[in-house]
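Can you make the complete structure from the sequences, with help from the hints?
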Amino acid sequence: MTPLGLYVHVPFCAARCGYCDFNTYTAAELPGGGDQAAFATVALQELDHAAVTLGADARPAATVFFGGGTPTLLPPEELVAILEGIRQRFGLEPGAEVTTEANPESVGPRALELLRASGFTRVSIGMQHAAPHVLDTLDRVHTPGRAGAAVAEARAAGFEHVSLDLIYGAPGESADDWALTLDTALAAGPDHVSAYGLEVEPGTALAARVRRGELGLPDGDAMADRQAEADAAFSAAGLHWYEVANHAASPRARCHHNLGYWRSHDWWGVGPGAHSHLAGERWWNVRHPSAYARRLAAGRSPAAGRELLDATSRRFERIMLEVRLAEGLDTALLSPAGVRAAERLERDGALELSGGRAVLTLHGRLTADAVVRQLTD
Amino acid sequence: MAVDQSRIRNFSIIAHIDHGKSTLADRILEMTQTVDPRQMREQLLDSMELERERGITIKSQAVRVFYESKVDGETYQFHLIDTPGHVDFTYEVSRSLAACEGALLVVDASQGVEAQTLANTYLAVDAGLELIPCLNKIDLPGAEPERVAAEVAELLGEDPDAIKRISGKTGMGVDEVLELLVEKVPPPGGDPDAPPRAVIFDSEFDQYRGVIAYIRVVDGTFAKGDAIRAMAAGTEAEIDDIGFFTPAMTPVETLTPGEVGYLITGVKDVTRLRVGDTLTLKRNGATEALPGYREVRPMVFCGLFPLDTDRYPDMRDALEKLSLNDAALFWEPETSDALGFGFRCGFLGLLHMDIVRERLEREYDLDLMATMPSVGFEVTLTDGTEMDVHNPSDFPDPASVQEVREPMVKASILTPKEYVGTIMELCQDKRGEHAGMHYLSAERVQLEYVLPLAEIVLDFFDQLKSRTKGYASLDYEPIGLKASDLVKLDVLLGGDVVDALSMLVHKDKAYPLGRTLTEKLREKIPRQQYDVPIQAAIGAHIIARETVKAFRKDVTAKCYGGDISRKRKLLERQKEGKKRMKQVGRVEVPQEAFLAVLELGDSR
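Chain order of the listed sequences is A and B. Oh and the first sequence: position 181 is 181 in my numbering, straight run, nothing missing. Here my numbering runs 1000 ahead of the position in the second sequence, where the first position is 1.
Read the hints as simulated data drawn from the structure, not as lab findings. This one's a predicted model, so the numbers in the text were calculated from it and none came from an experiment. Treat the hints with care, since some could be wrong.
[As the list claims (entries may be wrong)] Ranges of calculated distance between the beta carbons of each label pair, as one might list FRET restraints: (1) 1569(B) to 14(A): 29 to 37 Å; (2) 1307(B) to 356(A): 33 to 41 Å; (3) 1527(B) to 303(A): 37 to 45 Å; (4) 303(A) to 1569(B): 17 to 25 Å.
Even for Gly, the Cβ is constructed at its ideal location relative to N, Cα and C.
See below:
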């Protein structure tokens, strides 16, 4: 049976970062059961709903991932309670991966120890950057040294798997700033890193500042340099790419929950605005925590919309997602035009074709969207 | 109501764009009470949407009005023939003038005489028309009647004081002009008893009634039911309907010498009743045609391609329909490696080209891509074969070419004298030969140059306007072909020749043009996944090179649960966007790139 992942979206942050367009709220008090204090209770209600909906398809979860928002803004006991709720309703596969995202400033030794002891296996820390002025531009409140300290605390709490999230390409970031960030991140000794080029999402404070000309963005060539530098630095440190933006020290250290997204597995997303996917059907919950809570309190599904993927869309998505993986894309998925495109892309040095799989080169990873547009011909 | 031949007055209005021709025509119709004031609207005679928008006249009109003279109390029958006023339609203008005995020469009292006016004035003088000069817009604050009157007087050899000061807008002086028409324009000659002859001075296609021919009767009488013959085309048909315009079509029993009107036969094809042809009776008709007929030939060519290749059949239908109404439009299928299936189209000139293109897009809802305009060349091959080339990509292998001839024009440019230097410089740069210069007045100069039409077609007019702040005006007439040292300049993208970008240029200009063109293309072609070399070449010889560097980054970082649908849709949209680009070999080329050459002037 297709592995099942559970995602729990905790839609709260201490403050909203200027670049963030995620579904997150900073007010502690939201009406109608939408507040932080009620979150665990409401999430458990959705898990009840999920168990009923899945019925005979319910199966032990292969992975659990708490994301946000800032999950660690909740008391660790509540995260544990939700995990316990998952265990009771679905069970966990032996060796299941259980991750929480954490902001450096919102976790400490006590919480990490409790989480680890309660079955969490992995922490993903939002370090983002090491240069103070870049953290400032990104509205991140932690000090540069705090992320490294958090890694050490996670290690001390017994976490084998600790990941750092990094962002490059913020306004004002120099090549040296990014080199410093790479050095700092690697010195902390994570077994997984994710590095994202900053994308200015419409409607964010950052987008407004860029539009007003207050902030300038690096050009595409500079972004390419940053990613290439990151790729080289991570590889040299033994963290090998397994997805366009993700590197891990070993196959075990990869984020198996995210691999589920990229391999078109099933996942249930719990929480306001969370997305789910089951056997070619996708749906997403209402975004506002209060609306979400009211739906569940009334015994209704929190889903706001649904999409049934047809064969063409499913094929498109599989090409789009699988070609980004180091394990590569099964070329049997390609149309004749797609195969011709793949051969062309190999000549251009964007792809390597062997054993019926297409794998991106570094050049291909930097231009993966263009590769996908051609492979889906 | 018919009047005696001696009380018919046929006249036209000669004016530059915006000098107030249509407003004056409106006023004349109003003052002769031809048009109910309630139905009065601006530019009454310009019926096509495009004409109203652009303030130009493309099709002729011929309105019959009755005027009671204040001097002798008699009723006169006027035919006002409104003509196109652009260099592209000189032949149509000449035929319309041939249908008249007089013309109002209307000159804006602040602008003065323009090249167009001058050219049409000469046409009118050549046709033996009585000219009545008027200074229009005399009510405007910028009017300089003394200066402009001197110019017009110089042009016609008249006394400046004899030139009427009028305002089409307020109607001031228009009544005097009507009296002058009675007094000065001679009544039409023509023998009522001779075998009938009439000249076609315009025609249009009506989807219900077929071709409506605009005619001026010279001799004899045409009546409904007559079997007629077009003498040049050999077309024979029966008159279904005959009449005049008020401007509405008004049927009558007969049209007699000097009268202007329309005639409908059921013929469905404008090429069978061409402008300039002579109509007579099928039996006992005239043996001698009226002078002046010639077949109009396209002067300017370009490729027009539907952006959506599936609409090729629609475009063919559209061209067929437009051709029904436009005997001068030439088209034939063209296949371009770069642009796919489309049509090579030939036009009278640049305005005609613009109009056709705009009508195809607007009236037939087509999205078109146009290649750069070119002219028709004659080529003699070394083996003596002659060929016409109106598409640069058809140009033969240079090794087999003995001689190339290109169309030349005699250009007349009117300008305030301070711009003479810059215009001479421009003309020389455009391979022009100075052919004369004289002062129209102390301030205004007429320059004459012999120029290759190809240079005019490229960007001459825009450059002339920008160098003279819009004050200079241009007119030109074809004067035949001339042998010239022309080479074919090719553009290669990613190593492949792009047929739609080839052009024939003078040898001396190929290098600078090649350099500018490759630079322009580098700006227009977006970065792709690989380096795209852009080369300009003459034959196998590369004369300029630029490179569009490959983009290095095109990837969205995050692709998690909620991002997947959004990202799929984004990529699908991007793919749609790419479809609007033309794939040339491996290179994606945006449409603007194909017109890059039209901007060459900007950078020089």
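Status of the hints after comparison with the structure:
no.: 1; hint: 1569(B) to 14(A): 29 to 37 Å; in the structure: holds, 33 Å
no.: 2; hint: 1307(B) to 356(A): 33 to 41 Å; in the structure: holds, 38 Å
no.: 3; hint: 1527(B) to 303(A): 37 to 45 Å; in the structure: holds, 42 Å
no.: 4; hint: 303(A) to 1569(B): 17 to 25 Å; in the structure: holds, 19 Å
When the structure is compared with the earlier hints, no violation turns up for any of them.
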